[in-house]
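Based on the sequences and whatever the hints tell you, model everything.
The primary structure of each chain is shown beneath.
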Amino acid sequence: MLIQQLANGVVLGSTYALISIGLTILFGILNIINLAHGEIYMLGAFVAYFLVTLWEVNFFVAFLVATVAMGILGVLVERTVFRPLRDKEEINYFIVSVGLLIFLENLALLFWGTEPRSMGLPYASQTVKIGQVIVTVQRLYTVVIAVGIIFGLHFYIKHSRMGKAMRAMEQDREGALTVGVGIDEISSFTFALGSALAGAAGALMGSLFIVNPMMGFTPLLKAFVIVIFGGLGSVLGAIVGGLILGMTEVLGAAYVSSAYQDAFAFIILILVLSFKPTGLFGKR
Amino acid sequence: MNSKKFWLWLAVGVLLIFLPFLLKDYPLHLVNISGIWIILALSVGLLQGYVGEISMGHAAFYGIGAYASVLLTMKGGLPFWVSLPLSALVTMGFGFLIGLVSLRLRGPYFAICTLGFGEIIRLIFVNWREVSGGPDGITGIPAPDAIGALAFTSKQANYFLIYGCVLLTIFVMYRLIHSRPGKAFMSVREDMIYAECIGINAMKYKRLAFTVSTFFAGIGGCLYAHYEHFISPYSFTVGQSFDLVTMVIIGGMGTLVGPIIGAILLTLIPELLHAIKDFRMVIYGLMLMLVIIYLPHGLVGIGQWISGRSSKS
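From first to last, the protein sequence lines stand for chains F and Z.
Here the first sequence is numbered in the numbering used here, starting from 50 and rising by one per residue.
Here the second sequence is numbered in the numbering used here, starting from 8 and rising by one per residue.
Misleading hints may appear alongside valid ones.
[Unchecked claim] Derived DSS-like pairs (lysine-lysine); straight-line CA-CA distance at most 27 Å:
1) F:K325 - Z:K190
2) Z:K162 - F:K137
3) Z:K284 - Z:K162
[What the hints assert, rightly or not] Some chain F residues near chain Z, calculated using beta-carbon distances under 8 Å:
4) L51
5) F143
6) I144
7) V321
Because the hints were derived from the structure by calculation, they are not lab data.
The structure presented is a predicted model; accordingly, all values stated were derived computationally and were not measured.
Here a beta-carbon is modelled for each residue, glycine too, at the ideal position from N, C-alpha and C.
Below, the structure is given as structure tokens:
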């Protein structure tokens with residue numbers, strides 16, 4: 050029973066990690082807190098949902114399309130909403146993202162209503178047994194894809210030219226600008242990457258649970274808790290934090306109270322802020 | 008005060024006194040609801056405009072005020088006039104405790120933290136059925152007790168009660184802002200480290216502002232509960248918290264007039280333009296983005312710009 054719960058925690062935690070990495074790189078590299086990140090996650094889930102149900106596309110193709118589409122949306126959002134505020138106070142980024150959140154969520158509500166939708170994938174009901182643990186095939190795919198993305202991202206940021214430029218920007222903004230790192234290029238690319246990760250997480254979660262326009266908000270809040278818990282701007286922190294929160298929620302729901310499952314994140318937040326405000330892997 | 012200004016204020020005052028007798032039932036109801044939102048928007052505006060911290064969980068304090076007063080009057084048997092200040096004090100107590108934790112953070116992190124607290128409190132409203140009535144809420148909340156012959160069952164009487172509280176809120180905030188603490192708030196907003204260097208205890212003043220702000224949110228909640236006679240957790244969600252932030256930003260941060268204009272505008276616009284009622288929130292989101300990008304001082308900023316130009320020419 051306990052091992053089963055831990056396995057469920059890993060599934061939840063790996064998707065939380067994907068959303069949180071997107072949020073944390075936007076903060077680490079551009080100093081932007083994007084509250085609309087959860088809405089991009091929601092839109093990613095809807096893109097995958099419509100591809101799978103209306104056009105009967107294979108889930109993996111739908112997943113890829115959703116990820117790429119959200120990456121493109123990320124670039125658009127950066128150009129239209131965030132770029133005009135670049136030289137103003139940083140809190141403006143945050144407020145504008147609240148506006149974007151309200152706008153996107155309610156636009157989605159207007160089009161698609163509140164009814165819960167399910168992708169109804171065939172793998173969602175097939176199960177496999179690994180040792181004592183029983184998981185559905187879809188959940189297994191989810192974990193494998195999420196872990197694959199996380200490792201791929203790690204190598205990309207470590208070795209590619211763009212990844213190096215991003216890290217340079219994170220370590221010393223002015224230094225990076227001096228040696229010719231283009232801020233427009235980096236901003237667009239970081240948004241594309243972060244939003245693509247959110248879209249990927251949305252498509253994966255949408256395949257396991259229901260899809261509706263309000264689905265983005267709670268994961269967003271949790272992603273924030275994870276980012277603060279793991280340390281602001283830390284990718285490793287987002288991964289570890291995501292897994293810990295996933296476990297805590299599943300175990301808390303099983304052994305403490307399921308009505309308050311969504312509250313555990315905030316209890317962790319309050320404890321972290323009270324005892325170690327810099328988070329697990331935070332620099333400041 | 009010059010005589011022109013005096014006559015203007017007198018006219019506004021007279022209009023406000025006779026307004027409830029000129030309006031029909033439903034418009035008056037909207038005016039009353041606007042009054043409650045004015046109190047709430049001022050409460051958020053104190054933090055947002057003067058201390059520079061955005062509270063995104065204020066609907067929770069509004070809710071605590073409402074639930075506290077309902078419990079005090081319906082279960083505790085207290086008269087409304089005792090429960091009004093008492094429920095505000097209860098809210099303030101919660102505000103103080105939550106401020107202790109959340110004010111350690113600044114900017115967006117403070118906002119997220121208050122959002123988190125707001126969600127926890129909303130979950131408690133939904134799940135603690137014995138006390139809060141769960142998702143169904145509480146019905147049959149009594150109107151404020153009559154004073155002599157003056158019963159608070161009519162919309163007119165409630166107008167005077169609500170706008171009395173609005174005036175009180177404006178008065179207290181005005182006095183606070185134009186006193187030493189107010190100057191301290193603004194210095195913390197402009198540069199917290201500098202403020203601390205010249206001997207201002209930033210944390211103390213941030214706590215003060217947050218506690219005062221939650222006190223008035225509690226007043227708003229109490230008034231709402233006894234005016235609508237019904238409360239449920241759906242009136243105190245993140246959506247309402249976002250509405251408040253939007254009101255302050257669209258009206259104009261760092262002024263008292265701004266939140267008032269924002270509150271009136273956002274309450275009345277959807278009623279006046281029925282066509283947009285369905286996509287009200289879409290438009291709010293769009294407005295919020297446009298105002299931040301193009302009009303950082305809100306509508307008050309336009310007013311100042313116009314008066315600045317006319318006084319130059």
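Tested hints:
1. F:K325 - Z:K190: Measuring from Cα to Cα gives roughly 32 Å; hence the hint is violated.
2. Z:K162 - F:K137: Distance ~45 Å between K162 (chain Z) and K137 (chain F) Cα, so the pair is violated.
3. Z:K284 - Z:K162: holds, 24 Å
4. L51: Where the cut-off is 8 Å and the nearest Cβ of chain Z is about 26 Å from L51 (chain F), the hint is violated.
5. F143: holds, 4 Å
6. I144: holds, 5 Å
7. V321: violated, 10 Å
The structure shown violates the earlier hints numbered 1, 2, 4 and 7.
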